[in-house]
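> What follows is each chain in one-letter form.
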Amino acid sequence: MVPMATTAKEEMFQFWEKNTKLNRPMSPHVSVYKWSLPMMMSITHRGTGVAMSLGISCFSLAALVLPEQFPYYLELVKSLSLGPVLIYSAKFALAFPLSYHTWNGIRHLVWDMGKGFKMLQVYQSGVLVLALTLLSSAGLAAM
Amino acid sequence: TCITYSWFCFTVLQSKILLTRPIVASPITFDRLTLTRQIHTPPDTDAPSKAASLHWISERVVSVILLGLFPAAYVYPGPVVDYSLALILTLHGHWGLYQVITDYVHGEASVIVAKGFLHVLSAMTFTGLCYFNYTNVGICKAVAMLWSL
Numbered sequence: 019m020v021p022m023a024t025t026a027k028e029e030m031f032q033f034w035e036k037n038t039k040l041n042r043p044m045s046p047h048v049s050v051y052k053w054s055l056p057m058m059m060s061i062t063h064r065g066t067g068v069a070m071s072l073g074i075s076c077f078s079l080a081a082l083v084l085p086e087q088f089p090y091y092l093e094l095v096k097s098l099s100l101g102p103v104l105i106y107s108a109k110f111a112l113a114f115p116l117s118y119h120t121w122n123g124i125r126h127l128v129w130d131m132g133k134g135f136k137m138l139q140v141y142q143s144g145v146l147v148l149a150l151t152l153l154s155s156a157g158l159a160a161m
Numbered sequence: 039t040c041i042t043y044s045w046f047c048f049t050v051l052q053s054k055i056l057l058t059r060p061i062v063a064s065p066i067t068f069d070r071l072t073l074t075r076q077i078h079t080p081p082d083t084d085a086p087s088k089a090a091s092l093h094w095i096s097e098r099v100v101s102v103i104l105l106g107l108f109p110a111a112y113v114y115p116g117p118v119v120d121y122s123l124a125l126i127l128t129l130h131g132h133w134g135l136y137q138v139i140t141d142y143v144h145g146e147a148s149v150i151v152a153k154g155f156l157h158v159l160s161a162m163t164f165t166g167l168c169y170f171n172y173t174n175v176g177i178c179k180a181v182a183m184l185w186s187l
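Those protein sequence lines, which keep their order, are chains S and W.
For my numbering, add 18 to where a residue sits in the first sequence, where the first one is 1.
For my numbering, add 38 to where a residue sits in the second sequence, where the first one is 1.
Treat the hints as calculated values from the structure; they're not laboratory data.
Backbone N, C-alpha and C fix where the C-beta goes; we use that ideal spot for every residue, glycine too.
Treat the hints with caution; some may be incorrect.
As the list claims (entries may be wrong) - Straight-line C-alpha distance at most 20 Å; calculated SDA-like pairs for lysine to any residue:
| # | chain 1 | residue 1 | chain 2 | residue 2 |
| --- | --- | --- | --- | --- |
| 1 | W | K179 | S | P85 |
| 2 | S | K133 | W | K88 |
| 3 | S | K36 | W | V143 |
| 4 | S | K39 | W | V143 |
| 5 | W | K88 | S | W34 |
| 6 | S | K27 | W | S101 |
| 7 | W | K153 | S | L153 |
| 8 | W | K179 | W | G106 |
| 9 | S | K27 | W | L92 |
| 10 | W | K179 | W | L92 |
| 11 | W | K179 | S | A159 |
| 12 | S | K27 | W | S91 |
| 13 | S | K96 | W | S186 |
| 14 | W | K88 | W | T140 |
| 15 | S | K109 | S | F88 |
| 16 | S | K36 | W | V181 |
| 17 | S | K109 | S | M70 |
| 18 | S | K27 | S | K39 |
| 19 | S | K96 | S | L112 |
| 20 | W | K153 | W | E97 |
| 21 | S | K109 | S | L153 |
| 22 | S | K133 | W | V99 |
| 23 | S | K36 | W | A85 |
| 24 | W | K153 | S | R64 |
| 25 | S | K27 | S | S45 |
| 26 | W | K153 | W | Q137 |
| 27 | S | K39 | W | H144 |
| 28 | W | K153 | W | V181 |
| 29 | W | K179 | W | S96 |
| 30 | S | K36 | W | T140 |
| 31 | W | K179 | S | I105 |
| 32 | S | K27 | W | V143 |
| 33 | S | K39 | W | E146 |
| 34 | S | K27 | W | G145 |
| 35 | S | K96 | W | Y121 |
| 36 | S | K133 | S | L146 |
| 37 | W | K179 | W | V143 |
To be verified - Partner residues are not named here, just some residues of chain S that face chain W (Cβ under 10 Å, in silico):
| # | residue |
| --- | --- |
| 38 | M57 |
| 39 | M59 |
| 40 | F77 |
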C-alpha cells in the first residue's frame with residue numbers, strides 16, 4: 019500500500035484551478051433539470067436560513083448603532099396605527115421562515131440519523147413539513 | 039462472483055478508509071473475522087485528521103441545542119436564555135453561511151475575502167446581540183414586546 023500523494027482538499031483545489039484556467043462553459047443545470055419538491059424545499063431551507071441570519075445581523079447592527087432603547091422604536095411603530103390585517107401579515111412574514119427552517123431542519127436531522135431516505139418518505143416528510151409550517155406560522159402570527 | 043465482488047468491495051473500502059492506493063492486488067479473503075479486523079482496525083498514525091467529522095457533529099449538536107432554546111425562551115425568558123440564544127444563533131448562522139460560501143464561491147482570492155467578511159459579520163453579530171442583552175431589554179423580552187403589538 020502506498021500513501022496517497024494528494025488529499026481530497028488538494029484535489030478539489032487542483033480541479034477548480036484547472037477549470038478556471040480552461041474557462042470551460044458550465045453545463046446547464048437549474049435551467050434544464052425538471053424542478054421537484056425536494057429540490058425546491060432544499061433551496062428554500064437554505065434561503066430562509068440565509069435570510070434569517072442576515073436579519074439577525076441587521077438587528078444586531080441596529081442595536082449597536084441606534085441611540086434609543088428598544089421600547090422607543092416599538093412605540094414609533096405603534097404610533098403608525100397599522101391595521102390588524104397588516105400586523106398579522108407582518109407577524110406571519112416573520113414567523114414563516116423561522117417555522118419552515120425549524121421543521122425542515124428537524125427533517126434534516128432525521129436524515130442525519132440515517133432514516134427516511136426512500137423516495138416516498140422524502141415526499142411524505144416534505145409535505146408534512148409544509149403543512150406544519152403553514153399551521154405554526156398561522157398560529158404564531160395569531161398570538 | 040460472490041468472492042470477486044467482496045474482494046472488490048473490500049479493497050475499495052480499505053482504500054477509502056486508509057486513503058491508500060493498492061500497489062499489489064490484495065489477497066482474496068472471504069474469512070469474515072479477517073475482513074472485520076481489516077476494516078475496523080484503527081487507522082495508522084498518518085491517517086487524515088478527524089476535524090471535518092468533529093465539525094459535522096458539532097453542527098448537529100448546535101442545531102439540537104437551538105431547537106431546545108425556543109421552548110426555553112418561552113418558558114424561562116431571562117438573561118441565561120438571552121445570552122445562550124446570542125451565542126447559539128450566531129454560531130449556527132456562521133456555520134451555515136460558511137457552507138454557503140464553500141458551495142458558491144470559487145477561486146482562492148474570492149474565498150479568502152468572503153470568509154474574512156463572514157468572520158467580521160459573525161463577530162459583529164455576536165457583539166451586538168450581547169450588547170443588546172446587556173444594555174437593552176434582552177432578546178426574549180424584545181420578541182415578547184414586539185409580538186404584543
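> For this structure, which hints from the list above don't hold up?
2, 5, 6, 7, 10, 16, 23, 25, 28, 29, 35, 37, 38, 39
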